[in-house]
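Asks: Now for the letters of each chain:
2 protein chains.
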Amino acid sequence: MTGRLSGAMMAALLASSAIPAVAETPDRERIAGTVEAQHDANVAALRDWIALPTIAAEKLNTPAGAEYMQQLALDAGFQQAKIIPTDGVPAVFATLDSGADTTLGLYFMYDVKQFDPAEWNSPPLEGRLVEREGEGLAMVGRGAVNQKGPETAFLAAIKAIQASGRKLPVNLVLVAEGEEEVASTHFDQVVAVPEVRDALAKSIGVFIPSAAQGEDGSATITLGAKGAVEFQLVVGGETSDKYPQTDIHSSNHARIENPAWRLVKALDTLVADDGHTPAIDGWFENVRPLTERQKMLIAQNAELNPEAQEKERLGVGRWIDDEPYVTSLERFYSQPTVNIQGLNAGYTGQGGKTVLPGRAEAKLEFRLVPAMTKDEAVSKLKAHLAKRGFDDVQVTVSGGYGPNETEEDSTLIRAQKALFEKDGVPYSIIPRNAGSWPGVIFNGPQLNLPASQFGLSRGGGAHAPNEWFLIESSDPAVNGFDEAVMAYVDYLYAVAEEAGRSD
Amino acid sequence: MTGRLSGAMMAALLASSAIPAVAETPDRERIAGTVEAQHDANVAALRDWIALPTIAAEKLNTPAGAEYMQQLALDAGFQQAKIIPTDGVPAVFATLDSGADTTLGLYFMYDVKQFDPAEWNSPPLEGRLVEREGEGLAMVGRGAVNQKGPETAFLAAIKAIQASGRKLPVNLVLVAEGEEEVASTHFDQVVAVPEVRDALAKSIGVFIPSAAQGEDGSATITLGAKGAVEFQLVVGGETSDKYPQTDIHSSNHARIENPAWRLVKALDTLVADDGHTPAIDGWFENVRPLTERQKMLIAQNAELNPEAQEKERLGVGRWIDDEPYVTSLERFYSQPTVNIQGLNAGYTGQGGKTVLPGRAEAKLEFRLVPAMTKDEAVSKLKAHLAKRGFDDVQVTVSGGYGPNETEEDSTLIRAQKALFEKDGVPYSIIPRNAGSWPGVIFNGPQLNLPASQFGLSRGGGAHAPNEWFLIESSDPAVNGFDEAVMAYVDYLYAVAEEAGRSD
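Chains A and B, in that order, are what the protein sequence lines are.
1 is the number of the first residue of the first sequence in the UniProt record's numbering; add one for each residue after it.
1 is the number of the first residue of the second sequence in the UniProt record's numbering; add one for each residue after it.
Here chain A stands alone, though its shape is the one from the complex:
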């Protein structure tokens, strides 16, 4: 899933009250020296990892990527790391017991998005260092920011702490999957393995290393994310003998049904006449309204991201129903959607062609908000279509997961705030990412754990050509690789301290 981090929402400091300061990281100078000494080796490690792309959709380097991930964990000091088979791509489970009171969960992805080298300015698997104007030196490669760069920085952090002769302030439980880019299709199987589940259950929460720093050095705390479920509706010769097997001459529509019309009729029932309000039976039953605190955070963020700039970035002149900006943002963060990603039927070239299509497909996606679940949404869709007699409309769910939500006063989030306060990093809080990540695996009923993203580093181009991760920053307010590593070091100590405060 894309859109993990909205670049738009990270800008400046939000007023926040009564965050206790955290202590200075012990032996910080020494650890920083170790990080500096290991800089070249760390950068080389990122480059080597980029050279081995795992792409689940293409079955590329799937066992090889898992074995590589296993070795990375062992090299970083995890005492055990094992490959967990699934019905799809295998995952990796690793633990590092430092004898600490607090256990922290970690979620990694070792797969990357597809890429077309022809669209890149440098070879996507070479991890070249390229100067970015006004930013510094960045490594360019597929997976640089999504997610190998931040993950490599995290591994470098725990290596540096240990190499400095210290034990980690927290125990670690790592789960790494190789199917994040195909909607984490089998990740629930990994977490259901008793050994994995029991290890995670001891943690105070799970986080994924990320690159959340804006151009000005500001950070964003996100308190959850919408869920996303992708599915396709198909009608045609393959679903009913009412329709032809292939495109045939269009004159036959006078006596033969057209699957494109049937698809239109089915789609039409899924949203209201306004063209956006979901109309699936019972859709809003479990949708929780925004809290006053969430509304306040949204209003504050609106001030940080001028409306005109947002409209220009998105290429639109108006929001849904011509709503004012803050209303549109409340909608953005709070409303579950039924979106058409694509339509494909019959002739799609220039002008027209006299065919009756043999097949019509709509690609759709739900975005779900608390307390909706994936199973609920899919069941409601199927019941909705069945009730209206659309037996010839085939529903294929290709992946997805429910929403996740983490309390603002959880240890994971308190540690982020405390760290930003101490270091004077400007930050904003968004109540929910309108994009999606599979935090629900940790967040959902099985484990009920906080799940968040953290990383004071910078990069861009996820899912696009010339993906990059900043290595040497030319702006003191923005972290390069070594500073990003130190932010993870500080975060681990902050988590340990905040966890102690909860006791």
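Rather than coming from a laboratory, the hints here were simulated on the basis of the structure.
Among these hints, one or two may not hold up.
[Said to hold, decoys possible] Some chain A residues judged to face chain B by a derived CB distance under 8 Å, without partners named:
#1 Ala228
#2 Glu257
#3 Asn258
#4 Pro357
C-beta atoms are modelled at their ideal positions from N, C-alpha and C, and glycine is treated no differently.
With chain A held as given, fit chain B onto it using these hints.
Replies: Relative to the frame of chain A, chain B by itself:
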């Protein structure tokens, strides 16, 4: 437009009553000898014409094709032939006055459908002679059957009559267009030229040479054709600032309208919930029901074309509403349609992609029956959408024309019947082609002329790779090139005789 001739409807003799026999063509032996002597030159002429493809959609050989057509007419004995400019591709107008009592109109097309040489077994512009199993020797090339083969055979017929020292039994008025394959976009301009209109107005009707012989040698008489209008509906950033200019991240659908939903909502209003009955306001106002004679012809044709065979050919198991076969055929010939040719929006590759499309397009087409007109249909569509507030749905009409209809007792049709009776050619009559050709240009209110297709020859693959036209037939019941030429010779005499009978 495609589907000019339905291969399914030509099978065997329909009982027909009291057709007076026509006389033997005078000097037939001598003319046939001339045709035989000119065989190689005629086949070479067809091959040369195939080598110069005019493709209006690609602006390929548009003036060159018109000049070539002009020269073909002059070479065939037309006393004058001139190029008629239009706002699109030029047409050709030619006349041959033989001092006869009767004038016959001719409609030619000199353009051909696009082609991809990679899909062909022999180069599409070389006109190679290839053996077709069980049929004989055929010329393969783009335009071979649609329509250069039949047209070359017709020109050969009038050359042979003249070369045999005879005057043609009818005067000829030829109009040839170069935009048939793009729905005759400017052909009405040609017929509106006073000189052309006045010349055509003197004719007893207009016919287009065609290859209408079935595998068993049977012929089909068609008494008209549906009209066809192609149009596209587009919604997106280009039609309203409610929609993004390009595909953007799908999470934004929570606050930004999706043009694909809007398109679905507009489309949904165009047909009833059954997915096929047109629901455009006033759509059926001018639709004439089938006559008893038309129903009888349909029932007879149903017997000639077994239902199981038709279903297999079309790849379907059922007709609309599970109707019985004859009912479905009545629908086929009598009902105007609103067809979706294609849908195209957003992501159309494998699986899903989290985008909100910047553009959504539906390609549609009307098929019209008497007494509907193109202008009526387009006006009603626009009024229908406007009434429902779809101002952001852009309608582009890319071409089309209304239906045509020719009386069974017109000279053109009587001459066909009389000829088939005399020669013992089995034939069937279909009341209307469910496909389309621009006969309405002649048939409509301006000229009110009968308009039909005629040609006792065989070919196939129109609009497809390996298009062919039979040159040497291995079956005595099926015409090769020379026999096709003689059928045109006989037809001209039959037309003259039948016209005399009308006086």
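Asks: Are the hints correct? Go through all of them and say.
Replies: Consistency of the hints with the structure:
1. Ala228: holds (7 Å)
2. Glu257: holds (6 Å)
3. Asn258: Holds, because the Cβ-Cβ distance from asparagine 258 of chain A to chain B comes to roughly 6 Å (cut-off 8 Å).
4. Pro357: The hint holds - proline 357 of chain A has a Cβ within 8 Å of chain B, the shortest such distance being about 7 Å.
Comparing the model with each numbered hint stated earlier shows that all of them hold.
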